[in-house]
Structures are given as C-alpha cells and as structure tokens.
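When you read off a place in the sequence shown, starting at 1, and then add 64, the result is the number in the numbering used here.
Hints may be right or wrong, so weigh each one.
Stated by the list, open to error - As a list, the in silico DSS-like pairs of lysine-lysine whose alpha-carbon atoms are at most 25 Å apart:
#1 K515 x K266
#2 K273 x K526
#3 K259 x K515
#4 K198 x K153
#5 K66 x K198
Claimed, not checked - Derived Cβ-Cβ restraints for the label pairs, each shown as a range:
#6 N212 x E521: 20 to 30 Å
#7 V75 x D492: 34 to 44 Å
#8 K198 x Q160: 19 to 29 Å
#9 S197 x N313: 19 to 29 Å
Don't read these hints as lab results, they were simulated from the structure.
Treat the numbers as computed from the prediction; the structure is a model and nothing was measured.
We put the beta carbon where it would ideally sit given N, CA and C, even for glycine.
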Amino acid sequence: LKDQVLGLRWVKRNCHFFGGDPDNITVFGESAGAASTHYMMLTEQTRHLFHKCVLLSGTALAPWANIPQHNWAYRLAKATGYRGENVDKLVLEHLQHCKASNMMKVCQDLLTTEERHQRMMFSFGPTVEPYVSKHCVIPRAPLEMMRNAWGNEIPLLIGGNSSEGLLIFTEARKYPELMNKLHEDATYLVPDDAKVHADKRKEFGEMLKRQYFGDSVPSWQTVLQYADLFSYKYFWHGIQRTLHSRLHNASAPTYLYRFDFDSKHFNFMRIITCGRNIRGTCHGDDLSYLFYNGGAKKLKQRSAEFRTIRRLTTMLVRFAECGNPNIPMSEGHDHSYHYHHHHRQPERPEQTAQPIHSNKQNGNNSSSSSNGVQTAQHTKDESDPEHNQQLSRESSFADSVVDGVELAFEVNASPAQQQPVWQPVSGDSGTYKCLNISDELEVIDLPEAEKLRLWDELYIDKTLLY
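Based on the provided sequences and hints, a complete structural model is requested.
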C-alpha cells in the first residue's frame, strides 16, 4: 500500500509529461486492486492525489482485505528457519535476509486448519498498523476511516459481478472439508467485525445456512449454493456496506453497477475455475471485457461480447473523464460501438438515441473535453492525405452504423419507452438502483438486495455496519 502511495505521488507530479491531466486523475482496481484503491480513498497519505475512483468487485470492508494480526511475521520467520524470540526487530532482521522465493513458498502454508475454517484467505494483506508514523496508511479500522475520509469528496463508481462466488470452486475442490463442516458448525459464516456473542453467532450461522442451503446438507452436490453464499460474504456485502457509508457520509455521487454478462466462451475466469458446464458471471470475468488476455480471440463486431466490451470501456472512460458514467443508450442498446470507432460525435445526431444524463455534478473542475477523451487524438493536420483517408474510412463506417442500427434506435426510442436514467445511489426507495450490464443495459433494483438485508441484520450494533 505504501508503494501505491508513492506511485500515485509520482503520477500526480509527472503525468503531464505524458499528456495526462494532473487535475483529473482516476484510480481504479479489480478485486484486491479494488480494495487497494478503496484504501487509497481512505488514507490521508493520498489526499488530493486523484479525483475519482472505480471499485470493481472489492472494497476495504471485504473480509479478505483486512487481515487480523496473528503474529504472521514471526510465524513466517520460523517457517524460514528463524529460532529466536518474537521480537519485532529481530524478526525483521531475519526476514530482510530471506529470499523472497523462499518466503512465498511457505506463505500459504502458514494458515492453520482452524484459520481456514474461519475463512481467512490470506496470511498477509492490509492490516491496521501497530506503529503509527508519518507514513502510516491504515492507522485505524477501515470502517472508522470511511466516516471522515477525504475520499468522500470524490465521485465513486462501484459494483460487482452477479456470480462472484463461483471463484470458490477452486477452494471447494482443494479443501472439501471446509464446505462439509458447515453442516456441523456455521458460526464462522458470521462476520467477525459484527462482534456478536457466541450464542447469537450460532443462531445467525444457522440462519445463513438455511438461507442458502434450505434443508440440504452442504456438500459438492450443493456447491452452487455454496458459491452463492460466498458471493455475498466475500464480495457483495462489503459493497453494500460501502454504499451505506457513502450514502451517510459522502458529498460526492456514488454510482452502482452490476455486471451480469454470461458468455459461453468469453467469461474466462468462470471457464478456468468451474469448467464449461457451469454458467454465470464469475469473479474476474469482467476483466475479459476490459483487457486483452491470452485466451481472447478476435470477435465479430456485431457479437454480444464485442458490444459488451464497448459498453464497459466507454462507461469507465466517461466516468474517468467527467465523473458521470452514463453512456448513450435506448431500449437497452448503446452507440458506444459507433462512438469508439468514430472518435467524435455522430455526424447525424438527429438519427441517434439521446444520451442519458445525471442531475448531479461531479464535484471537480475537469479540463477534459465533453466529447470524450478520444477528441485529443485528432491532432493531425487535416490537409494530410493519410489523415483524410483515415477520416473517410471512419466516416463511411460511421454512416453505415447510423443508417443501419441507429435509425432503428430512433424508431424505438419514444420518450415513454426510454430507460430510466442511471442516477447516483440514494436511500429513497430502500433498495439501491444499479445499472445491470447483461445482454441489455437496464437500470434496476439491485437483485441481491433481499439477501443483503439478512447480512445487514447480523450487525446488531449498526455502528459496526457502516
């Protein structure tokens, strides 16, 4: 985390040398990267170093993102040959002379069976620092830091995937006893930071088990229910608590999305983790639509996968540009496909669906163009024949899109049929609204809301919830 702070300081000081805007910096991350990004929003070390954040499938409140202090450094030292006492200075000196490869080999073996049963995923991770200094990143529990964090002043885009917990298939295969033991003892399902007494903990554990398994016994036959359970425990409830905190403490808008695109052949994390017979949108599947990877193949431009790539990348670009992730859409479609190939506004805007707008301001003075960051790419002399030829090709392609697809948008985009605007979250309805990214784009009530309310109820003391 301290390396990340140094990296952000470098970006702030130097990005203008590379065409960046030091007054319009967005930080985003996925999974552990999202938790790291969230910590960067909370710590005073990064105040005013960036202006917007995107959290994909992770927060500082996820149970795996705040590791309890279990003498990990001393245990690692002993596993690498240390025979001295548990004195910080001596332990540090030993570890400084260890090979990183040796430490990595024994790192995961530090977890005991009991700690795995308590659902500790890692031996090392972010933790409240025992020594408070001028370089301290996490001086207090992240829940406390969130209430008065400087990051409450900047826009946030946050969300997750609809079947995050499919990631648990790997653990279920490697440690089947963890799943099987739930039938005897479900107390460890209850979050530690809820701080409930032992009797209540047992009651709440049974309540969670009934919610996800009904009368079935946790086993490989019910692994999908097991995966659903950990979608909430590991990912969605941390997202929900962050939304609660932002709603009560933030002055800047918070946008919620839900990624639910289920491709048979392009959701690589699900395929790697679960095989090809399981369907759903696993933790990490969204990365296939943001970054090129070794499994990617050329997509047809009319395919649903290609369209989803355009939608997701355009959403993030627009949010980074102006703090509002709304993209032009109507009837669940969008013309980001046209937007990315064309690099400018459509030449015939009267034939395009109208963009949706937020009624909230982003709270910063971004100097970026309102037409999208791509406008900066048109810097060549327009008398350049090569440049004109490129524009001609782009224009011809754009015309075909306008004449074909976007004319249909206009026909179907009567005011009564248009999708609701994707607004920042509010507490008006009791259920958070999200942009659901599936085969179509829809603004809907968060489908996970009902089960998330059960997780909220585990926190008898609501000051521990958010």
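Tested hints:
no. : hint                    : verdict
1   : K515 x K266             : holds, 19 Å
2   : K273 x K526             : holds, 22 Å
3   : K259 x K515             : holds, 20 Å
4   : K198 x K153             : holds, 19 Å
5   : K66 x K198              : holds, 12 Å
6   : N212 x E521: 20 to 30 Å : holds, 26 Å
7   : V75 x D492: 34 to 44 Å  : holds, 37 Å
8   : K198 x Q160: 19 to 29 Å : holds, 22 Å
9   : S197 x N313: 19 to 29 Å : holds, 26 Å
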